[in-house]
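Colleague: Read off the chains here:
2 protein chains.
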Amino acid sequence: MSEMSNAVWAKGAAYIDGRYMPVEQAAIPITDWGYRRSDATYDVVGVWDGAFFRLEDHLRRFRSSMRGLRLDPPESDDDIRQVLIECVRRSGLRHAYVAMDCLRGMPKPGLVRHPVNCRNYLAVFAIPWVWVVSPDVQDRGAHLIIARTPRIAAASIDPRIKNFHWGDLTSGLFEAHDRGADNCVLLDADGFVTEGPGFNVFAVIEGQVVTPDRGALEGITRLSILELCADLAIPCTIRPLPAAEFADADEIFLATTAGGVMPVSRIDGRILGNDRPGPLSARLQQQFWAKRAAGWHATPINY
Amino acid sequence: MSEMSNAVWAKGAAYIDGRYMPVEQAAIPITDWGYRRSDATYDVVGVWDGAFFRLEDHLRRFRSSMRGLRLDPPESDDDIRQVLIECVRRSGLRHAYVAMDCLRGMPKPGLVRHPVNCRNYLAVFAIPWVWVVSPDVQDRGAHLIIARTPRIAAASIDPRIKNFHWGDLTSGLFEAHDRGADNCVLLDADGFVTEGPGFNVFAVIEGQVVTPDRGALEGITRLSILELCADLAIPCTIRPLPAAEFADADEIFLATTAGGVMPVSRIDGRILGNDRPGPLSARLQQQFWAKRAAGWHATPINY
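Each protein sequence line maps, in turn, to chains A and B. So that you can map any letter, position 50 of the first sequence is 151 in this note's numbering, and since no number is skipped, the others follow by simple counting. So that you can map any letter, position 161 of the second sequence is 262 in this note's numbering, and since no number is skipped, the others follow by simple counting.
Treat the hints as calculated values from the structure; they're not laboratory data. Just to be clear, a hint being listed does not mean it is correct.
[Stated by the list, open to error] Which chain A residues stay away from chain B? Per the calculated CB distances, all over 12 Å, these: (1) D158; (2) G193; (3) C330; (4) W390; (5) K392; (6) R393; (7) H398.
[To be verified] If the Cβ cut is set under 10 Å, some of the chain A residues that face chain B in the computed set are: (8) I129; (9) R171; (10) W232; (11) P236; (12) S257; (13) T271.
We put the CB at the ideal spot given by N, CA and C, even for glycine.
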């Protein structure tokens, strides 16, 4: 490839419904129900230092999400794995954010305008690594608020099926901005902690790690933290987490593919510990990246 | 224009962020938060027989929705009006479905990835008229079900701000399909009727027209029906509508820009009246289109 061509692909590579292209050209029709009805599911897998993290877990969850929404693209899981690899390979990126979407599409001409009559399709892209919380904010610890906007109820939209219904999370981000904070966590209608925009939340309470049992995605980084806690013999519980208990926690941290373990230093203006990442959060964060560097759950890419 | 060029534009004309194009080329970046976070609002105005219906009401509601989500595109209301007209004019369509979207966009490079740091933009398209319920189904009356999936709560997503958070409505459409029905209506968590996918609902109960006071868009066709009822001295009430009362109504009809007044002949398998549109529904439907033909709330387009 020419240098100019390399530069275009290095911004990201995409695949939409059978065709590869630079990410700058990757677009979906404005009339597509994947956009107009947010009728789509997705997953995001990270590439760090030239290797996917927990690729098979992401493929498995993506297929489960598609089944949950009755989405059935032409590609098999083996096909999707190859597309993910090929997008990263074409981009040449060694640290990448790799998204896979399945969209409902549009009703076939002549058929009733109903989701059963749409041709579903796959869209994938690899772009340079994205930090949900920037590294400088991670270093001082994120400032979090508990938003007043409640999370969309699980009975209406299943949070275990990764989806783009983010209006409540966006409202929460505006609340955080208005209150001078970095980010937010949302409660369910009963006042229990659920999740934030793109991450799971954890509290450290009397030496125990606690993460919500409801209203949240079953995150793959969350799963990794459960494994880390087991390795380090740190007690960890998945249970209902009332807002008051969360706001009074000893430590708080967040977890996501696009960021790993991300410490919090303030909640609703209250300073946690010494206004810096708590010791257990910092230890889990350090351990997470040390294990990643050592090839934990890694699938190296042949560029 | 050449005949080929005419044919391309006749499928629809679009405008995205300052540029006009045939609708087939109108697409949004796969990385745009308007899609990836369903962070957008929209409105739809109809063109029938070469004239917009209630254009100013739609422009007013669209601006109000944008304000509600803190979206601020470069275009003024006067600009948007001109873009709507120009899209219809370029398409040459005399019966058109005209959508206006405002999307969040993407964070500007170098700034924190937060919705406050995005450049919002406008997207408009005019395509051939769309029937939410096809004319043959309208003639026999639509078969409706009350879905088990509850409508997303207003506290999480305000239904008065037109949005693409349709996952609950899509679930309802699958329920309808599985039960052999055409369409669905959703209840809120307290068991009150809200709305269906893209339409308001009305019940006729002992000679009174009733429409829900909660959980629904304040539809502009709904407003037109309130006006029609006043004209015809038909009592009409906006109030809580429990599911049981709705299921037991004498008549049911639906209202939307993309269809006007649409009668229902079955609810949850129960046959209403003689399995055909009810007399009051049919009268309102007839009156609605008669007044439309006579130029009611019309803004003619200069093609």
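Colleague: Grab the minimum beta-carbon distance between H398/A and chain B and tell me whether it stays above 12 Å.
Modeller: holds (25 Å)
Colleague: Would you assess whether C330/A, listed as outside the interface, keeps its beta-carbon beyond 12 Å of every beta-carbon in chain B?
Modeller: holds (29 Å)
Colleague: So, as I understand it, the hint says S257/A touches chain B; can you test that by seeing if any CB pair is closer than 10 Å?
Modeller: With a closest approach of 4 Å, the S257/A hint holds.
Colleague: Please confirm whether D158/A is truly not at the interface, meaning its C-beta sits more than 12 Å away from all C-beta atoms of chain B.
Modeller: holds (21 Å)
Colleague: At a threshold of 10 Å, is the proposed contact between W232/A and chain B supported by beta-carbon distances?
Modeller: This hint holds: W232/A lies near chain B, its Cβ roughly 8 Å from the closest one there, short of 10 Å.
Colleague: Regarding the hint that T271/A lies at the interface with chain B, is the smallest CB-CB distance below 10 Å?
Modeller: holds (5 Å)
Colleague: Over 12 Å from every CB of chain B: does R393/A meet that, or does the non-interface label fail?
Modeller: R393/A clear of chain B: closest Cβ-Cβ about 22 Å, beyond 12 Å.
Colleague: Verify the interface restraint on I129/A: the C-beta must sit less than 10 Å from at least one C-beta of chain B.
Modeller: The hint holds - I129/A has a Cβ within 10 Å of chain B, the shortest such distance being about 6 Å.
Colleague: Is the hint on R171/A kept, meaning its closest Cβ partner in chain B is under 10 Å away?
Modeller: holds (6 Å)
Colleague: Once the closest CB in chain B is found, is it more than 12 Å from K392/A?
Modeller: Per Cβ check, K392/A is outside 12 Å of chain B; nearest 26 Å; holds.
Colleague: Using Cβ atoms only, decide whether P236/A comes closer than 10 Å to chain B, and label the hint accordingly.
Modeller: Violated. Min distance 12 Å.
Colleague: Beyond 12 Å from every chain B Cβ: check whether that's true for G193/A.
Modeller: Label holds. Min Cβ-Cβ 18 Å, cutoff 12 Å.
Violated hint for the displayed structure: number 11, the only one.
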